[in-house]
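**Q** Sequence:
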Amino acid sequence: MPLSKGDIVLVPFPFSDLSQTKLRPAVILWVDSQGQDVTVCFISSRNIDQISPEEVALIPEDPEFSETGLKVASKIRVTKIVTIDRKLLQRRLG
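The numbering of the sequence shown is my numbering, which starts it at 1 and goes up by one.
No lab work stands behind these hints: they were computed from the structure.
Honestly, I wouldn't trust all of these hints.
Derived lysine-lysine pairs resembling PhoX-like cross-links, with alpha carbons at most 20 angstroms apart [stated by the list, open to error]:
{"hint": "1", "residue 1": "K5", "residue 2": "K80"}
{"hint": "2", "residue 1": "K71", "residue 2": "K22"}
{"hint": "3", "residue 1": "K5", "residue 2": "K87"}
{"hint": "4", "residue 1": "K87", "residue 2": "K22"}
{"hint": "5", "residue 1": "K22", "residue 2": "K80"}
Using the sequences provided together with the hints, build the complete structure.
**A** Right under this line is the structure:
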């Protein structure tokens, strides 16, 4: 699957203690030149009414929201970034 910065994908995102992962949407921030690693930023639909300075809202009223592939209002959590092997990506949402 070809990937570009800004694509939204489903990835098994690790918990901070690395004890397990949970399948989550994430936005691609970087793809390495050989296409093996990707850096992604976690997207959450929890507490969307509380946006902090390090979060970016993704809301259905935005004309480009339909391109995200997300079903509900969400926020990009800039403090939750991880670099993972491209093989871990489940699929592209938008």
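**Q** Work down the list of hints and note, for each, if the structure agrees.
**A** Checked hints:
1. At roughly 16 angstroms between alpha-carbon atoms, K5 and K80 fall within 20 angstroms of each other, so this suggested pair holds.
2. Restraint check for K71 and K22: satisfied, since their Cα atoms lie roughly 18 angstroms apart, inside the 20 angstroms limit.
3. This hinted pair checks out: K5 and K87 have alpha carbons roughly 17 angstroms apart, not beyond 20 angstroms.
4. Taking the CA atoms of K87 and K22, the gap is near 16 angstroms; set against the 20 angstroms cutoff, the hint holds.
5. Straight-line distance between C-alpha atoms of K22 and K80 comes to about 13 angstroms, which keeps the hinted pair within the 20 angstroms bound.
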